[in-house]
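Produce the entire structure from the sequences given, and follow the hints as far as they go.
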Amino acid sequence: LRRGRRLEGSLEPRPRLSREHVERGHPVRLQSPSMATTGPSFVASWALAMGAMMLPSELPLLRLDYATARSRTRTTALLLGYLSVWIALAAPVWLGDRIAGGRLLGMHGRELTAGILATAALYQLTPLKRRCLAICRAPLARILHGWRDGHGGAFRMGVVNGLWCVGCCVGLAASLLAL
201 LRRGRRLEGS LEPRPRLSRE HVERGHPVRL QSPSMATTGP SFVASWALAM
251 GAMMLPSELP LLRLDYATAR SRTRTTALLL GYLSVWIALA APVWLGDRIA
301 GGRLLGMHGR ELTAGILATA ALYQLTPLKR RCLAICRAPL ARILHGWRDG
351 HGGAFRMGVV NGLWCVGCCV GLAASLLAL
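Under the working numbering, the first residue of the sequence shown is numbered 201, with each subsequent residue one higher.
Hints are computed from structural coordinates only; laboratory data are not their basis. Ideal Cβ placement from N, Cα and C applies to all residues, glycine included. Take every hint as true, because none was put in to throw you off.
Beta-carbon label-pair distances, calculated as ranges: (1) Gly350 to Arg298: 37 to 43 Å; (2) Gly309 to Ala341: 40 to 46 Å; (3) Leu317 to Leu255: 22 to 28 Å; (4) Gln324 to Pro292: 20 to 26 Å.
If you want it as structure tokens, here you go:
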């Protein structure tokens with residue numbers, strides 16, 4: 201009987217807390233800059249996250265490159281070129297967060313979140329997004345038409361492929377940062 205009463209009480213609506221009450225209860229979370237306060241720690245966490253999220257979409261190109269050149273170092277150079285683009289994006293994001301006073305990656309208002317989500321949704325309908333997707337979905341065409349010899353060429357191919365991938369995923373990345 202007591203257990204039922206506890207559950208019954210927990211289902212009742214609770215009064216909504218004011219922002220001042222929340223800030224007093226959690227001063228560090230709401231008033232500090234983003235969780236990654238230093239540039240190197242942010243870049244490291246960004247690189248790990250981007251590698252984990254974006255590497256699966258890069259595997260077909262990496263397999264084709266290895267099957268064509270039979271060189272692990274060349275394929276590694278291609279991968280490093282690709283990841284360098286995503287890592288290079290970490291600096292503007294972190295600097296933008298510093299300039300915004302920690303409001304870009306941390307807590308920000310509903311209006312900013314809605315604006316970013318609306319912009320990202322509209323980007324999904326643009327011809328640029330369609331062009332980027334068409335190129336990213338054809339790894340064989342990138343091998344046949346974008347081949348560059350040597351390890352430097354493989355790195356350059358990775359950078360070019362990374363830029364097309366950024367074009368595909370910029371809306372999603374912005375949405376994730378906004379949320």
